[in-house]
Amino acid sequence: MASRFKEVLNSGKFVVTSEVAPPKGTNIEKMLHHIELLKDRVDGINVTDHQSSVMRFPSLGGCLHIKEMGGEPILQMTCRDRNRMALEADLLLAYTRGIRNVLCLTGDAVTVGDHKEARGVFDLDSLQLLKTIRLLETGKDLGGNDLDGKVEFCAGAIVTPEQRPIEPQLIKFEKKVEAGAEFFQTQAIYDLDNFAKFMQYARQFPVKILAGIVLLSSARMAKYMNENVPGIFVPQKLIDEMASAPKGEGVKKGIEIAGRMIATLTKEKICDGVHIMAIGKEEVVPDILAAAGLA
Amino acid sequence: MKSITKQKTIDEIKGDLNKLDKIFIIGCGTCTTQLKTGGLEQVLEMKNRLLEQNKIITGWTVIPIACDEMTEVALKENKQAIQSADGILCMSCALGVHRMSLYLDKPIIPAVDTLFIGLEETPGTFHEVCAQCGQCVLGDTADICPIAACHKELVNGPCGGTNNGKCEVDKTKDCAWTLIYNRLKAQGRLDIMRKYQPPRNFHVTLKAKVLKMQRGG
Numbered sequence: 001m002a003s004r005f006k007e008v009l010n011s012g013k014f015v016v017t018s019e020v021a022p023p024k025g026t027n028i029e030k031m032l033h034h035i036e037l038l039k040d041r042v043d044g045i046n047v048t049d050h051q052s053s054v055m056r057f058p059s060l061g062g063c064l065h066i067k068e069m070g071g072e073p074i075l076q077m078t079c080r081d082r083n084r085m086a087l088e089a090d091l092l093l094a095y096t097r098g099i100r101n102v103l104c105l106t107g108d109a110v111t112v113g114d115h116k117e118a119r120g121v122f123d124l125d126s127l128q129l130l131k132t133i134r135l136l137e138t139g140k141d142l143g144g145n146d147l148d149g150k151v152e153f154c155a156g157a158i159v160t161p162e163q164r165p166i167e168p169q170l171i172k173f174e175k176k177v178e179a180g181a182e183f184f185q186t187q188a189i190y191d192l193d194n195f196a197k198f199m200q201y202a203r204q205f206p207v208k209i210l211a212g213i214v215l216l217s218s219a220r221m222a223k224y225m226n227e228n229v230p231g232i233f234v235p236q237k238l239i240d241e242m243a244s245a246p247k248g249e250g251v252k253k254g255i256e257i258a259g260r261m262i263a264t265l266t267k268e269k270i271c272d273g274v275h276i277m278a279i280g281k282e283e284v285v286p287d288i289l290a291a292a293g294l295a
Numbered sequence: 296m297k298s299i300t301k302q303k304t305i306d307e308i309k310g311d312l313n314k315l316d317k318i319f320i321i322g323c324g325t326c327t328t329q330l331k332t333g334g335l336e337q338v339l340e341m342k343n344r345l346l347e348q349n350k351i352i353t354g355w356t357v358i359p360i361a362c363d364e365m366t367e368v369a370l371k372e373n374k375q376a377i378q379s380a381d382g383i384l385c386m387s388c389a390l391g392v393h394r395m396s397l398y399l400d401k402p403i404i405p406a407v408d409t410l411f412i413g414l415e416e417t418p419g420t421f422h423e424v425c426a427q428c429g430q431c432v433l434g435d436t437a438d439i440c441p442i443a444a445c446h447k448e449l450v451n452g453p454c455g456g457t458n459n460g461k462c463e464v465d466k467t468k469d470c471a472w473t474l475i476y477n478r479l480k481a482q483g484r485l486d487i488m489r490k491y492q493p494p495r496n497f498h499v500t501l502k503a504k505v506l507k508m509q510r511g512g
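Protein chains in written order, with the numbering used here: chain A, 1 to 295; chain B, 296 to 512.
So that you can see chain A by itself, here it is in the shape it has in the complex (with noise of 0.2 Å):
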C-alpha cells in the first residue's frame, strides 16, 4: 500500500493540507473532532510533534486516530526528543500501523519550551532524518544491520522562504533536496511576490512545495509574529488590512485573507498547494477553504 498523499502530489492537483495539535494531556476529544472535520476535506493532516518544544499527547498517537478514522496522517518527527534507534523504531511502528508520510524536522530548541531543564536529544538533525528514511527503505538501518520487513514513506521537509540570510537556508534545503526530501511544506508566507520569486528558484528541483499559510486573527498578532517568530514577515499592508477589522471581526478578516492567498496561488498557479496552520482554530479551516474556493 503506497502513500494515498503521494499520489495527490503527483497528480497535478493544487494539494491542501493541514495540522492539528494533540492535546495537554489524554483528553482527546478535540484533536479528534478536528480531525473529523479535517478528514475529508484535506489531502493530509499533519499531527505536530510537541509544537514549540511543550510537552503534549504524542505525533504518533495522532497519526494513528487519523488513520484509524479514514484520514491521510502526515506524522512529523523532530529530532529534539528521540535519539537514532528511538525514531528508527517509531517509524517501523508508523509503518506497521498504515502510515506512509513524514515530514522530517529538527525541532524547536527545549529551552523555548516548558520543560525548559530537560535535555535536548538532537542525536540527529533534519537531514540525517530523511537519510536514515531512505536507508530503512533499503533495509538496512542506522547501525548497519538488516531488518526483517522494511519501511516506504513518502517523506518532507520545511523550508523557510523569509529567513535572512536566505542562502544558508537555499543551501540546505538542497542539502534535504539531495537527501530524499519529495516535498516540502514552509513556514507561514504572507507577501506573495517574495514567495514567487523563491518558487521561481525552487521550481528547478523535483519536489512538491506547499506553502504555509498561517491564519492571522488580529493585527497584534502579526506584530507579535514579526518581532518573535524566525522566518515570519507580515508586510505592514496586510497588518493594516487586519487593523481595519471592525472589533470581534479579526478572525473573520483573517479567513478572508487567507482565502484571497490560497486562491492567487492557485489561479497564478504559483506552488503545488497548501499547508494551512489555523493554529488552535481548526473549527474555521473549512471556511477558509471555502473563502479560497477550494471548498
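Source of the hints: derived by calculation from the structure; they are not laboratory data.
Don't take every hint at face value.
Each computed DSSO-like pair below joins lysine-lysine, with the alpha-carbon atoms no more than 30 Å apart [unchecked claim]:
1. A:Lys-24 / A:Lys-223
2. B:Lys-301 / A:Lys-223
3. B:Lys-342 / A:Lys-116
4. A:Lys-116 / B:Lys-303
5. A:Lys-116 / B:Lys-331
Got chain A sorted already, so can you dock chain B onto it with the hints?
Then chain B, alone, in the frame of chain A:
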C-alpha cells in the same frame, strides 16, 4: 584556555557545608583568580561570610595552579590546619577539586560551578569555542565550532530558528551557522557547506575518558 566558573550562591554553599563546622578554604591562583570566583579576594570574602555563619575557619590558602601536581606540596604545607578541619571548601574549578581529592580523604566541597573551557576573546568575555567532542569539524566549518556555538549542535547548516543572524534561544546570541556561512562565503568555500555531514559518533572515547600516551614513540 581557561576553566570558566561561576560562584555558587551562599545558600547552596551553606547547605553543602551542613554538619561541617570547621572549614579550610582553598582558592586557585589561575582560572578562578582571573574569573574573580576563587582568587585571594574571594577566598577572604568567603572566610568572612562563613564566620558570619558561625563556621570555624582553620585556615586558608590560594594554590598557584590547583589542578597541577604541585598542589600536593601546597596541601602538605598546610597539613595541620587541614587536619583539624571537618572539610575543605574549594574555590578552584572542578579540576582542582579532583586534584585535591587525590591527596586528601576529607570532604572537599566546591564553592563554584564549572561551566566550560573557554577563551577570553575580549577582556572579561569568555567564549566556549571547543566542546571537546573528539571529532573535530572545524575544517568544514570555517574554524567556528557548531558543537560549541550552536544550541542544537547541528552539523548540517542552520535550523529554522535562526533570525537575522541570531538564535531562537536568545536574541543576543549569534547563530553559529550564520557566522560559519559568512566566513565560508568570504573565503570562497561555500561548497563545503553543501557537504552532507553524517550522524555524529557520540562515543569516540568511552567514559570515563582516559588517554594514555605512548612511551618512546
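Hint by hint, here is what the structure shows:
1. With a CA separation close to 27 Å, the supplied pair A:Lys-24 and A:Lys-223 stays within the 30 Å bound.
2. Between B:Lys-301 and A:Lys-223, the direct Cα distance comes to roughly 38 Å. Violation of the 30 Å bound is thereby established for this hinted pair.
3. Of the supplied pair hints, the one linking B:Lys-342 and A:Lys-116 is violated, its CA atoms being roughly 35 Å apart against a limit of 30 Å.
4. Between A:Lys-116 and B:Lys-303 the CA atoms are separated by roughly 21 Å; this keeps the pair inside 30 Å, and the hint holds.
5. This hinted pair checks out: A:Lys-116 and B:Lys-331 have alpha carbons roughly 29 Å apart, not beyond 30 Å.
Hints 2 and 3 from the list above are not met by this structure, while the remaining hints are.
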